Amino acid sequence: MSAPELQESLLPEQNLIHVSSDKITTRPLYMLPTGLPWPGRPGVTLLGDAAHLMPPFAGQGVNGAMKDALELAEALVQHTTLDEALHAYEQAMFERARKAALLTAEGLEMLHGNDAVSTTVAYFRQFIAE
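In the numbering used here, the protein residues as written are 1 to 130.
In short, the hints are calculated from the structure, not lab data. Certain hints may be false.
Simulated restraints, written as ranges between beta carbons of each label pair [stated by the list, open to error]:
{"id": "1", "residue 1": "LEU11", "residue 2": "GLY48", "range": "31 to 41 Å"}
{"id": "2", "residue 1": "LEU10", "residue 2": "HIS112", "range": "50 to 60 Å"}
{"id": "3", "residue 1": "ILE128", "residue 2": "GLY59", "range": "31 to 41 Å"}
{"id": "4", "residue 1": "MET31", "residue 2": "PHE127", "range": "37 to 47 Å"}
{"id": "5", "residue 1": "ILE128", "residue 2": "LEU103", "range": "15 to 25 Å"}
{"id": "6", "residue 1": "PRO37", "residue 2": "ASN114", "range": "43 to 53 Å"}
{"id": "7", "residue 1": "PHE127", "residue 2": "GLU5", "range": "20 to 30 Å"}
{"id": "8", "residue 1": "ASN114", "residue 2": "MET31", "range": "15 to 25 Å"}
{"id": "9", "residue 1": "GLY35", "residue 2": "PRO56", "range": "32 to 42 Å"}
{"id": "10", "residue 1": "ALA92", "residue 2": "LEU6", "range": "29 to 39 Å"}
{"id": "11", "residue 1": "THR119", "residue 2": "PRO33", "range": "16 to 26 Å"}
All values reported here derive from a predicted model rather than from experimental measurement. Ideal placement from N, C-alpha and C gives every residue a C-beta, glycine not left out.
All chains, please: the whole structure from these sequences, using the hints.
What follows is the structure, given as structure tokens:
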């Protein structure tokens, strides 16, 4: 597909932009500090965004929540007491969430840091075949 053909094919989507509201509402992005654990509480735990809130720059949100649910279920089956299961789940989740938060922080810096244009262009250039 040529560039003019591609541009022509995108006209319906461009029209959606033109008829949309011209008011832009900005919203803050929140992220828990990378690697933030919390002391366990008997009989209670967190999962998903409640456990590891981060902006969507690494695409880890839903995946992390589903992984939390799976690992919590596995821990409940594998351990004899609820508190042992919650402790095991939380320790694994903290490490996994820390890694996801590091990826997210890198993406946030790439897209919104002082050199965002250069770093973003360099990132996407690696996917272009020469």
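Taking each numbered hint in turn, which are not upheld by the structure, reported in ascending numerical order? 2, 3, 4, 6, 9 and 10
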